[in-house]
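**Q** Protein sequence lines, in the order shown, are assigned to chains Y and P.
Using my numbering, read the first sequence as starting at 739 and increasing by one per residue.
Using my numbering, read the second sequence as starting at 217 and increasing by one per residue.
Read the hints as simulated data drawn from the structure, not as lab findings.
In this text, a Cβ means the ideal position worked out from N, Cα and C, and glycines have one as well.
Treat the hints with care, since some could be wrong.
Quick list of the computed label-pair ranges, beta carbon to beta carbon [to be verified]: (1) G225(P) x G936(Y): 25 to 33 Å; (2) C241(P) x E862(Y): 21 to 29 Å; (3) G289(P) x V791(Y): 29 to 37 Å; (4) C224(P) x D868(Y): 31 to 39 Å; (5) G225(P) x G951(Y): 55 to 63 Å; (6) M233(P) x L747(Y): 24 to 32 Å; (7) V889(Y) x G289(P): 57 to 65 Å; (8) T880(Y) x G225(P): 46 to 54 Å.
Dumping the calculated DSS-like pairs for lysine-lysine here, alpha-carbon to alpha-carbon at most 25 Å [as the list claims (entries may be wrong)]: (9) K748(Y) x K284(P); (10) K806(Y) x K245(P); (11) K226(P) x K833(Y); (12) K284(P) x K833(Y); (13) K748(Y) x K865(Y).
Not close to chain Y: a few residues of chain P, all C-beta gaps over 12 Å, as computed [what the hints assert, rightly or not]: (14) C241; (15) Y248; (16) I272; (17) Y278.
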Amino acid sequence: MNMGLITSLKARFRSIFKWFFKKDKMRIGIYGPPNAGKTTLANRILRDWTGDVIGSESEIPHETRRAKLREGVKIEVDGKTLTIDIIDTPGIATKIDFHDFLKYGMSEEEAKRRAKEATEGVIEAIKWLDDLDGILLVMDSTEDPYTQVNVTIVGNIEARGLPLLIIANKIDLPNASPARIKAAFPQHVVVPISALKGLNIDTLYRTMAEKFG
Amino acid sequence: MPHRCTECGKEYMDGDMAILQGCECGNNKFLYIPKQKGREVEEIKEQFERIESVRIIAPGMYELNIEKLLEGGEVVIALQEDGKYAVHLPSLLRKKKRS
Ligand SMILES: Nc1nc2c(ncn2[C@@H]2O[C@H](COP(=O)(O)OP(=O)(O)OP(=O)(O)O)[C@@H](O)[C@H]2O)c(=O)[nH]1
Ligand SMILES: [Mg+2]
Ligand SMILES: [Zn+2]
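In isolation and in its complexed conformation, chain Y is listed as follows (with noise of 0.2 Å):
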């Protein structure tokens, strides 16, 4: 059977589905490669919007590894309300080795079981893609963009017809560089920010108002 035309099939019915019954509330999935900065956009946005935080950030990759959902989140955007419902995922990588973990000190006991977890935590993450409906991509602008687990989210993203918008994070970096992200994927919109510093979040809540709203 041709996967891939059910896929594109069901993503069409969907699509026509939502004109007809569009929703007040989006369940938007925050998705990405591991250390991104995932956990800490998440937080930028509930730190401006309900003065909360979701997750703990870390240098260490695989910090999140259980998918975290913050319900009713409302985000205001010249006058207009967008309520959206945010999930911070663990980051999906191809390859998951424990060894990557002992240099920050971790007990080899220790970097195993974060091993195991953060592989239970890519499957996780990629089976909540089945209840959104939009998605933030998180790269790492001043990373080669141009990676497996990059190019297979975006290709089932669009195949799933979900609304997306990709985030070129990290731009308070000297050697980040958002453009490279756009020449990769010039189909989508990327938005430039800092997550960390706050930088170009204005926009970013202006464009998720447009494209999910």
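Add chain P with the ligands to chain Y, keeping to what the hints say.
**A** Showing chain P with the ligands alone in chain Y's frame:
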């Protein structure tokens, strides 16, 4: 192909999340159970259709087939026992002979 817990003996099929999470008894080492002769052809055919979505290279080392996972359906897990866990005796002996 079933995986048997080395501690309590409980068996799990390919794709069972317990292989990742560990057995009910708390142990997380599993052994492949050798196939029965008669079912071999059928199982080889099955193996071809069930590409693994997660491969356990060694404890704490995983390879994820993102495309397979994104397709949905059950998560198929493979334990790679040869090379990492077990020493292949004949090849070891051959090397010795040469040097
Ligand atoms: N300079 C800079 N650093 C950032 C920015 N956003 C995040 N970081 C840093 O990048 C590291 C990873 O951030 P996280 O938010 O934990 O990344 P994540 O994508 O949630 O990572 P996982 O949960 O492991 O998948 C942390 O050290 C953050 O402080 C940014 O805009 N600029
Ligand atoms: Mg995180
Ligand atoms: Zn057991």
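**Q** Against each hint, give a clear statement of whether it holds in the structure.
**A** Outcome of the hint check:
no. : hint                          : result
1   : G225(P) x G936(Y): 25 to 33 Å : violated, 56 Å
2   : C241(P) x E862(Y): 21 to 29 Å : holds, 24 Å
3   : G289(P) x V791(Y): 29 to 37 Å : holds, 35 Å
4   : C224(P) x D868(Y): 31 to 39 Å : holds, 34 Å
5   : G225(P) x G951(Y): 55 to 63 Å : holds, 56 Å
6   : M233(P) x L747(Y): 24 to 32 Å : holds, 30 Å
7   : V889(Y) x G289(P): 57 to 65 Å : violated, 22 Å
8   : T880(Y) x G225(P): 46 to 54 Å : holds, 50 Å
9   : K748(Y) x K284(P)             : holds, 18 Å
10  : K806(Y) x K245(P)             : violated, 30 Å
11  : K226(P) x K833(Y)             : violated, 29 Å
12  : K284(P) x K833(Y)             : holds, 14 Å
13  : K748(Y) x K865(Y)             : holds, 16 Å
14  : C241                          : holds, 17 Å
15  : Y248                          : holds, 19 Å
16  : I272                          : violated, 9 Å
17  : Y278                          : violated, 4 Å
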